[in-house]
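Asks: Sequence:
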Amino acid sequence: MRAEASLADLLAAVAADDRSALRTLYQQQATRLFGVANAILRDREAAADAMQDAFLRISQRAGQFDAERGEASAWLGGIVRHAALDLARKRGREMPTDDPTLGDTAVAAEALDRVAADAEGRRLRDCLGALDEKNRKGILLAFVHGLSHAQVATRLDLPLGTVKAWIRRGLLQLRECLA
Numbered sequence: 044m045r046a047e048a049s050l051a052d053l054l055a056a057v058a059a060d061d062r063s064a065l066r067t068l069y070q071q072q073a074t075r076l077f078g079v080a081n082a083i084l085r086d087r088e089a090a091a092d093a094m095q096d097a098f099l100r101i102s103q104r105a106g107q108f109d110a111e112r113g114e115a116s117a118w119l120g121g122i123v124r125h126a127a128l129d130l131a132r133k134r135g136r137e138m139p140t141d142d143p144t145l146g147d148t149a150v151a152a153e154a155l156d157r158v159a160a161d162a163e164g165r166r167l168r169d170c171l172g173a174l175d176e177k178n179r180k181g182i183l184l185a186f187v188h189g190l191s192h193a194q195v196a197t198r199l200d201l202p203l204g205t206v207k208a209w210i211r212r213g214l215l216q217l218r219e220c221l222a
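Read in order, the letters of the sequence shown correspond to residues 44 to 222 in my numbering.
Take the hints with a grain of salt, since some may be wrong.
In the DMTMM-like style, the derived pairs of lysine to aspartate or glutamate whose C-alpha atoms are separated by at most 20 Å in a straight line are [to be verified]:
hint, residue 1, residue 2
1, Lys133, Asp96
2, Lys177, Glu111
3, Lys207, Glu219
4, Lys177, Asp129
5, Lys207, Asp175
6, Lys133, Asp169
7, Lys180, Asp169
8, Lys133, Glu88
9, Lys177, Asp200
10, Lys133, Asp92
11, Lys180, Asp200
12, Lys180, Asp129
Just so you know, the hints here were simulated from the structure itself, not pulled from any lab data.
Modelling step: build the complete structure from the supplied sequences, incorporating the hints.
Replies: Here it is as structure tokens:
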């Protein structure tokens, strides 16, 4: 909870044109956010471009963050996700994948090790493992790999409403498990 408060404080300082706060925000969040962009674009150079655009947006829109509406980390992730999707649309093509059944690429081992090493990462992994495979796959495609619900439905060859229901149920189960 303190980390979220710290992020919210940094965003408030960024909104007040504090460049050192923006630098600190970048230092704290760049690795995680780059992972989001890279998972969507599957191209390190394109992900770096998306990150630059995202941090420009963050610096311009930090005053729009409202802690009452959600967590700062989710807000930041959403901006990076949208920047990456915008860049993918500009390119006009879907990025290639190594696994046609999932449409994603492996995350660097050291990133997984860092997440798995902390207690929250282990809890999240355990809770994800407890979900039905359909719910887990939908959540991972949507939130880890940045696909829209419609893209997940297309990827899994399922109706959009079914995918939305699976993801919603899975998120509710995750919330209950993590509480």
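Asks: Each hint: holds or not?
Replies: How the hints compare with the structure:
Between Lys133 and Asp96 the CA atoms are separated by roughly 13 Å; this keeps the pair inside 20 Å, and the hint holds. As the CA atoms of Lys177 and Glu111 are separated by approximately 31 Å, the hinted pair breaks the 20 Å bound. With a C-alpha separation of about 18 Å, the suggested pairing of Lys207 with Glu219 holds against the 20 Å cut-off. A distance of roughly 28 Å separates the Cα atoms of Lys177 and Asp129; the hinted pair therefore is violated under the 20 Å criterion.
The suggested pairing of Lys207 with Asp175 holds, with an alpha-carbon distance near 15 Å, which does not exceed 20 Å. Between the alpha carbons of Lys133 and Asp169 the distance comes to roughly 37 Å, so the proposed pair goes past 20 Å and is violated. Only pairs whose Cα atoms come within 20 Å are accepted, and Lys180 paired with Asp169 is accepted, the gap being roughly 15 Å. Our distance criterion of 20 Å between C-alpha atoms is met by Lys133 and Glu88, whose separation comes to about 15 Å.
At roughly 12 Å between alpha-carbon atoms, Lys177 and Asp200 fall within 20 Å of each other, so this suggested pair holds. The straight-line distance between the Cα atoms of Lys133 and Asp92 is roughly 12 Å, inside the 20 Å bound, and the hint therefore holds. Straight-line distance between C-alpha atoms of Lys180 and Asp200 comes to about 13 Å, which keeps the hinted pair within the 20 Å bound. Proposed proximity of Lys180 and Asp129 is contradicted: the alpha carbons are some 24 Å apart, above 20 Å.
The structure fails hints 2, 4, 6 and 12 (numbered hints given earlier, in ascending order).
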